[in-house]
Structure formats: C-alpha cells, structure tokens
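Novice: Sequence:
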Amino acid sequence: MLGVLHATLTAAAAGDVLSLYAGFRAHFAVEGDGEFAYVPEERWDALNSMFTRVEGYQMVTVLVCAVVFIMWFHRVRLRAGMLAPTAFRRGPGWAIGGWFIPVAFLWVPYRIANEAWTVGLRGAAGPFWPLNLWWAAFAGSIVLGRYASVSYRRAEGLGPFLDAVTVGMAADALSIVAAAAAMFFAARLTLMLDGDGTPAGSR
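Taken in order, the sequence shown gives residues 0 to 202; the numbers are from numbering that gives the first Met the number 0.
The hints are simulated quantities; they were obtained by calculation from the structure and are not laboratory data.
We treat Cβ as the ideally placed atom computed from N, Cα and C, and that holds for glycine.
This list has only true hints and no planted wrong ones.
Restraint ranges, calculated between C-beta atoms of paired labels, are given here:
id	residue 1	residue 2	range
1	ARG42	ASP193	45 to 55 Å
2	GLY156	LEU1	42 to 52 Å
3	THR85	VAL142	32 to 42 Å
4	THR85	GLY158	51 to 61 Å
5	GLY156	MET81	54 to 64 Å
Use the sequences and the hints to build the structure in full.
Specialist: Given below as structure tokens:
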C-alpha cells in the first residue's frame, strides 16, 4: 500500500510541475507592458490547449491519489486504534468521512492524523513537524487553489488572468511540497505503527 501511495503522490506532484510550467509559459507569452500588454492569438490558443491538457491530467492523478491516500489513512487509523483504542475522539469511519465534510475537512483529518502520530510515539516525546509540514502545505495549497480557480473564472482582461495564474502557481508549489511531505509522513507513521514499538524520537 505504501509503495502505491508514493507512486500516486509522485504522479500528482508531476501534474503540479506541469501546471507550474504552464504558468511560466503564460507569463512569458505576454508581449508589451503596462496598458499595452497582450498575448498574440496563436500563443493564446496554445496556452488554452496546454492548460486544458494539464488540468485533465491533474484531475485524474489527484483523484487516484486521493482514493489511495484515504485507503491508507483509514488503514492507519484502524492499526492505531488497535494499539490504543481510547486514543481517538472519533470512530474509524471518520478517517474516510472526515475528508468529505465542507470546511471541516481542513481540520478533522488533521486531528485524526495527530492522534495516530501520538499513538505511534508510544508515550515518548517526539517531533510532530512531519505531520505539521504536510498538513500546512496541503491546506495552504487547497485554499490558494480554490482562490485561484474563482479568480480565473472572474478574470476579465489579461492582468486579472495573469494574477490568477500566479496564485495558481503558488498553490502548485505548495502542493508539490505537500506531496513530498506526505511521502515522508506516511512512511514514518507506517513504520511507527507497524514497527518494533521503538518510539520515533529514539530512532
């Protein structure tokens, strides 16, 4: 499961890299400056085609990655629950359902992950930065991505369009960080829960 998860995270991150490239292409396609900035028609058509292809790739890879990640997340919750049944405020089903609740999905899965990480520490004092780095980058990419999407749809003119592209590029960069952090977090937590019981902080 962990190998499949890492593969899907890598594929999703590749989509973000492609999206970043498309964003740079959009900025470099601009000719002139100030009020006289414009994008030649042939470049504009090429950009639209590129953005459409990249968006399609991202939708597929993110969907597959989300399914695999939630499956892994639920499995980890079950494993941690076996080790410490009273360590969780919510039942195992929340490891799946928590991702589908509007707004709450930015908090509920983090709490479950935090509780599972605490179980993995097995009473020892250990670092929480792998969890916090992953979640901060993930949540940040989601918020910026939604804002970029709304801005893109409302954009009238080249300036607002490029501003939306820039915000989207920031979201892509955070998403790449989140994917890398998720790989480390998932590998570490799996080892902590399935290993020999040695606290993470003592390894």
